[in-house]
Structures are given as structure tokens and as C-alpha cells.
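Chemist: Protein chains in written order, with the numbering used here: chain A, 1 to 255; chain B, 1 to 255.
What the hints contain is simulated information worked out from the structure, not anything from laboratory work.
Honestly, I wouldn't trust all of these hints.
It does not matter which identical chain is used: a pair holds within one copy or between any two.
[Claimed, not checked] The calculated EDC-like cross-link candidates involving lysine to aspartate or glutamate, where the alpha carbons are at most 20 angstroms apart (straight line), are:
no. : residue 1 : residue 2
1   : K54       : D119
2   : K77       : D235
3   : K43       : E124
4   : K24       : D119
5   : K77       : E46
6   : K54       : D138
7   : K77       : E197
8   : K24       : D138
Small disclaimer: the values here were computed from a predicted structure and weren't measured.
Protein chains: 2
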Amino acid sequence: MSPHLPEQCSHCSMYFDAENFCAKLSDDELVALNAQSSLVTIKRDEAVTEETQKLHPVMAISSGVLSLQHLLHDGRKTIAAILMRGDILDLRNSTRNQLGALIALNSVTLCRLSPVVFDAAIAENPQARMLAWANITDQTFRAINHAADLAKKQALEKLASFIFEIRNRDVRVPGNDHVHIPIRRRDLAEYLGMQPETVSRCFKDLAGRGIIHVSDLSVIRILNAPALRRISNGDRSPKGGRLDVPSFNVLVADA
Amino acid sequence: MSPHLPEQCSHCSMYFDAENFCAKLSDDELVALNAQSSLVTIKRDEAVTEETQKLHPVMAISSGVLSLQHLLHDGRKTIAAILMRGDILDLRNSTRNQLGALIALNSVTLCRLSPVVFDAAIAENPQARMLAWANITDQTFRAINHAADLAKKQALEKLASFIFEIRNRDVRVPGNDHVHIPIRRRDLAEYLGMQPETVSRCFKDLAGRGIIHVSDLSVIRILNAPALRRISNGDRSPKGGRLDVPSFNVLVADA
DNA sequence: CGGCAAGTTGAGCCAGGTCAACTCCGGTGG
DNA sequence: CCACCGGAGTTGACCTGGCTCAACTTGCCG
Chain A
1 MSPHLPEQCS
11 HCSMYFDAEN
21 FCAKLSDDEL
31 VALNAQSSLV
41 TIKRDEAVTE
51 ETQKLHPVMA
61 ISSGVLSLQH
71 LLHDGRKTIA
81 AILMRGDILD
91 LRNSTRNQLG
101 ALIALNSVTL
111 CRLSPVVFDA
121 AIAENPQARM
131 LAWANITDQT
141 FRAINHAADL
151 AKKQALEKLA
161 SFIFEIRNRD
171 VRVPGNDHVH
181 IPIRRRDLAE
191 YLGMQPETVS
201 RCFKDLAGRG
211 IIHVSDLSVI
221 RILNAPALRR
231 ISNGDRSPKG
241 GRLDVPSFNV
251 LVADA
Chain B
1 MSPHLPEQCS
11 HCSMYFDAEN
21 FCAKLSDDEL
31 VALNAQSSLV
41 TIKRDEAVTE
51 ETQKLHPVMA
61 ISSGVLSLQH
71 LLHDGRKTIA
81 AILMRGDILD
91 LRNSTRNQLG
101 ALIALNSVTL
111 CRLSPVVFDA
121 AIAENPQARM
131 LAWANITDQT
141 FRAINHAADL
151 AKKQALEKLA
161 SFIFEIRNRD
171 VRVPGNDHVH
181 IPIRRRDLAE
191 YLGMQPETVS
201 RCFKDLAGRG
211 IIHVSDLSVI
221 RILNAPALRR
231 ISNGDRSPKG
241 GRLDVPSFNV
251 LVADA
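Construct the complete structure from the given sequences, taking the supplied hints into account.
Modeler: Pasting the structure below:
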């Protein structure tokens, strides 16, 4: 490790997680990027300022959970997306799509990058380019899946899907049946497009059926993963059907 | 224009639309990309084959509307995303997120690219890189906005938002109050997470209030854009539809 | 012009939203 | 150490937007 490695980077998860953008940068690139960047900590319920969005339209989540919130005229609020460690956010061409407010759901460490240096790194470092590209396409698919969840699933099914989504995005060892829920119930409700009351009832329902165990508000344990998966896949049969992935019976016509 | 310009590219919207990836490629790059690529036409209700997805995980929509569909166990179907001309689809790291079926909603012309040559173009051509990046981030924000629409909006509001989404994505002259709806009512319903019956009732409602005029099933005309905007922004104030105050209520980001 | 898919209209019903009351818990100060 | 407070979560009772089902009309293609 180079002695020139910036201090703030040497402690950052973006640098230590092998799957992250910064981890693929050379020390020189890291120094260059860092020289034009700055870490900032945002407390819960605080927003990323307009100024930051303008001056540093490219940023990366180092830790915590950042939400993108939409507000309707009459006060209804929605968490349209949640961003977690390693996610890159490029606001440069978000002007046409009006993007909502960026609000921290817990203490967030944000690395505000220089667009110019970021672009340079993308241009010159193929590995970094691939990782950034992968992160963005991943975010796209995640958003699309989330939209699919919201479109047709019932409350219980949405909650089941959410549990799997969180488990998949968690950095910890996969396969662990303990799932850490990093946000409040009310935020969870807003993300899933439902009311806190309904979320509460659904947790109770799943626990009552012995599918999960809710120890703490922020930790649940999956007791019956296949059953949970069936619910998240929209299987409403009482005893549940088979637990394979839904098959798409479709015509097939290119090739 | 080089005499070597591939025949199929010379007629393709991806090449002629200035905002598109292929338009930024040099003739040489276009020839190289084309040598490893192939156009295919998919008829309505047909799917992009598994084989294509495997062999050509990177593709671009040249014309038509392609949908990404999710199917639940009990048959509920959702259109999670719609892809239109110019959209780039990179399936290479879609394995972790199970992506649904890619199904044409009308006649789709798809350009199946070579990942290798695509990456090379991205690496060497800054303009092409920026455009590809912009397209993907755009898709991400679109998906997020769509998720926000589905989460908390009511049927009428979702339909209003959809009308604006389609108008914004349309290549034709902006500002035109005629909006062409390129998909069937039932597909629209699946995209918005509602029933065809409800879509029908909502169109009737908007027309009845004098906000839109539905001439043909596939063409509507916006008669009162501010009112439509208010509805899409969730303004439920008393006469949410009348021509009273022509306020320029853009969606509030924060505050 | 016949046949079928797509879309519309109407009547009834239920999942989940709404509202209000209550519990739980962590922090604060006397 | 305990009383108090406020925000978060839970529970119960009620209500409604939009789903469901079924019948009907319209539009499209051969």
C-alpha cells in the first residue's frame, strides 16, 4: 500500500470491499480522485444539500442508507429507492427526470467525487469502468424489480420480497438466516408503498406462521426460507406450491 | 458517409438519432461493431430467446417497444419496465437479480451487439461512452420514478404520470399535445399495476373532465396540461381538474 | 360479413388504508 | 433512581378505491 494512500480512503469501505469502484483504482488514481473529493456525514432525516448535488453530482455511498424520496402535493411521501454502501450516484443527467430529495435513513457517510476525475478514472481504468457500469446496471435492475414488486404484489408478498432484497444486498456472509433491517418500520412502509400499520400486521402474520422470528426491531431471523420465497413469488395456495422460480411460458421467435 | 457503412446501420434509428449510441461511433467502429452484431425483428407477444440473451447479452432497441415482464406463481403478470428506441440493455450481470422475460409489445427491431466490440467502443470513444452511460443512468431514474408512481399514487394519478412519461420519451417534437400510446390498454394496465377495467374508467374520467381527448385508442390529445400535471403530482384539491388556476406546479423535489 | 380479441360498463366485495387509542422504549432531568 | 416525555410501533374498528366477475360493445383481420 502506497504511503500516499489518502487517509480518508484507507478507512473507507469503498476501498476495502473488493467489489467496489475505489478498490479497483491504482494508488495514483485514488490520490487524484481524493484530491478533488470529500467525505461528508449526514445524520438521519437530513438531506444531501442542493449545493452538494450541484458541486458534486457524482457521489458514492461509503456507509449507511440513503433514500431517494418523492413527495406528492398532498403530503404523501414515497421512498423511491434506497442506496447502500458501494452504490454510485450520478446526478449529471438527472435534470430531465425530476429526481426527488436525497435523505439519509440513518447515519450516512457519503463520498463526494469530482466528476472530472471520476470520468478520467472510468476512461483509463477498465476494471473501474466495469465495476461502475456493473453497479449502475445493477441499480437499474434493482429498481425494475422493485417496481415489479410494487405493481402487483400484495402487502405480505412485498414484505417477503423486501426481506430477500435486503439479505441479498447485505455485505455479510450470504446464506445467513439472520437479516439486519437497517431502516425504521415507517421508512420500510414508505419504500414498499404501504402504511406502517400494515407492515406491522404483516410481520406479525409471518411470525405467527413460524416463517420468521422477529427478535429486535432491526433483526429478523428466517426460519422457513422456502415458504418465505413462495410468498414473495406470489404463491397464494395455502400449503404453497413448488418452490422453483416462476417459469415464463412464452412464445419464442428470434434466433 | 463512408462507403463501408453497414447497410443495416444506415437505416437504423440508433444511427440517425443524434442522441443515440451508434450515432457517436466512427464509421470504422460502426463497421467493427456491426460485423459481430445482428438485427432481428420480434413480433408482438414474442420473447427474446434465451439463446439471444446468452449469445448477445448486450442489445439495443432500434424500434418498437420491448417489455420486461415478471410473472407470479398464480398467474399475475407485471410489466416491470418498457424499453424504447435507443435504450441499451446489458444483461451481463443480471444473473443475481432474476430478470423476467423480455417480450415485445409491438413489432420490435432489436440490434444484438457483440459485448466485446461494445466494450471496446465504450473504452475508446468518449462520446459513445458518455451516451451509453447517460442512457443507463436515465433508465435507472426512469425505473425509480416508475417505482415511486406505483408506490403511492392512485389509479388516476398513475395514468396521468404515464401520459407524461410517454410524451417525454417520445422522439417527436416536444410540446406537442398529441401523445401516441404505443401499447395496448391491457399492457398499459400491467405496466401501471392496475386492471384494464380501471384504466378504461380512468381514461373516461379524464376525458369527462375535459383534460384529455381520446380520439383513437392509440392517440390522445392533452387539452389541459396543467390540470393533468396537478393530478399526476397527487394534488387532490377539490376540483382537481378544472381550468381554474393554471399554476406551474412542477414536482416538488424538497421543501 | 363472421369470428375473435380488445376494450368497456355495471354490481358487489375485500385488502389494505385511515383514524384513534394504546404500548413500548430510550433519553432527560429532578 | 425514578418520573416524565416524545417518537416509534402496535392493535382494533371502520371505510373505500380499485379488483373481480360477468355481460356487453367495439374494432380488426381474413
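Chemist: Now tell me if each hint is right for this structure.
Modeler: Verification of the supplied hints:
| no. | hint | verdict |
| --- | --- | --- |
| 1 | K54 <-> D119 | within (16 angstroms within a copy, 30 angstroms between copies) |
| 2 | K77 <-> D235 | between (29 angstroms within a copy, 13 angstroms between copies) |
| 3 | K43 <-> E124 | neither (35 angstroms within a copy, 41 angstroms between copies) |
| 4 | K24 <-> D119 | both (14 angstroms within a copy, 18 angstroms between copies) |
| 5 | K77 <-> E46 | within (15 angstroms within a copy, 38 angstroms between copies) |
| 6 | K54 <-> D138 | between (25 angstroms within a copy, 18 angstroms between copies) |
| 7 | K77 <-> E197 | within (15 angstroms within a copy, 27 angstroms between copies) |
| 8 | K24 <-> D138 | within (18 angstroms within a copy, 25 angstroms between copies) |
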